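Colleague: Taken in sequence, the protein lines are chains A and B. Be aware that the first sequence starts at 1457, since it is given in the working numbering, and climbs by one per residue. Be aware that the second sequence starts at -10, since it is given in the working numbering, and climbs by one per residue.
By construction, these hints were calculated from the structure, which means they are not laboratory data. Among these hints, one or two may not hold up.
Not the full set, but computed from the structure, chain A residues with beta-carbon under 8 Å of chain B [said to hold, decoys possible]:
| no. | residue |
| --- | --- |
| 1 | LEU1491 |
| 2 | LEU1497 |
| 3 | PHE1551 |
| 4 | LEU1599 |
Quick caveat, the model's predicted, so the values are computed rather than measured. No residue lacks a Cβ here, since even glycine has one placed at the ideal position from N, Cα and C.
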Amino acid sequence: MIKHILFVLAVGLATGYFASNFVVAFPLSWVTYYLFDVSLLVLLFVMGLAFGVDREAVAKLRSTGLKVLVIPLLVALGSIFGGLVGGLIFGLDLFGSMAVTAGFGWYTLAGPLLTQVLGSQWGALGFVANFLRELLTIVSVSLMVKVDKYAPVASGGATTMDTTLPVIVRYCGKDVLIVAFSSGFALSIAAPFVVMAIASLK
Amino acid sequence: MFDFSVLVLVVPLALGIACGFLLRGRKIVNLSRITFGVILVLIFSLGFTIGSNNDLLTSLPSVGVSALVMALLAIGFSVFFVLLARRRLRF
């Protein structure tokens, strides 16, 4: 998954660089506007479809009781608070920096969304910051599980429903599966709304 | 392209959920594959947008450091809040 994404990102970067500096066979806006916006709209539609069609998704959310609701809420608050502190450290616009960390590690969403709303500078920061969150989570699972069983779930944010889930379950045990999945799921559903809401305050 | 407001992005999500409800119980195509395919297209155009923006490329080295710190802060406070709640509320 990550290998494919990094490869495609590198190809996109190289193609974009050459297209803008050397040969221009077509208007750049074909990719930067049309392809970009259409694929973002399609992605949001398919995400909604996958949620609506999954009968068990809602049942899974209810089945593990309080943890399922409390953990994603605390992770959301922690992430946004982290963004606030980061914004203060670097002297950035605070709503911008909180919107960046409100991606909860879902860089494929946060990057494009912030580019759309706040411009490509914020998009780049949102993409890299959330990408590093996923990467750091995968790398540090074996260390974090020693601190607490649910620490890797908190670290992974929205990614614990897909990319980081296999690694987390391997180190934290099978019983963490439902909490990890549902926490990632709730944060994934919340992420677009929270990012948009905070970004629109800027 | 359409210069749409942020809120317009809620429409495809809500539309997708509504369609999903209507299609319940039917065997439909592998959605995760489609999602992944669309993600790759999106990532390509994201890379293209960043790569074709020369102002952005020159600012990337500075973004890297703040992005790393932001990621660490987001992880740190998320873990800290969950730990605090687990110790205090014993859940």
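Colleague: State for each hint whether it applies.
Modeller: These are the hints, each one checked on the structure:
1. For A:LEU1491, the shortest C-beta to C-beta distance to chain B is roughly 4 Å, which falls under 8 Å, so the interface hint holds.
2. At a threshold of 8 Å, the smallest CB-CB gap from A:LEU1497 to chain B is about 5 Å, leaving the interface hint in force.
3. The beta carbon of A:PHE1551 comes no nearer than 13 Å to any beta carbon in chain B, farther than 8 Å, and the hint placing it at the interface is violated.
4. For the restraint placing A:LEU1599 at the interface with chain B, the shortest Cβ-Cβ distance is roughly 11 Å, beyond the 8 Å limit, so the hint is violated.
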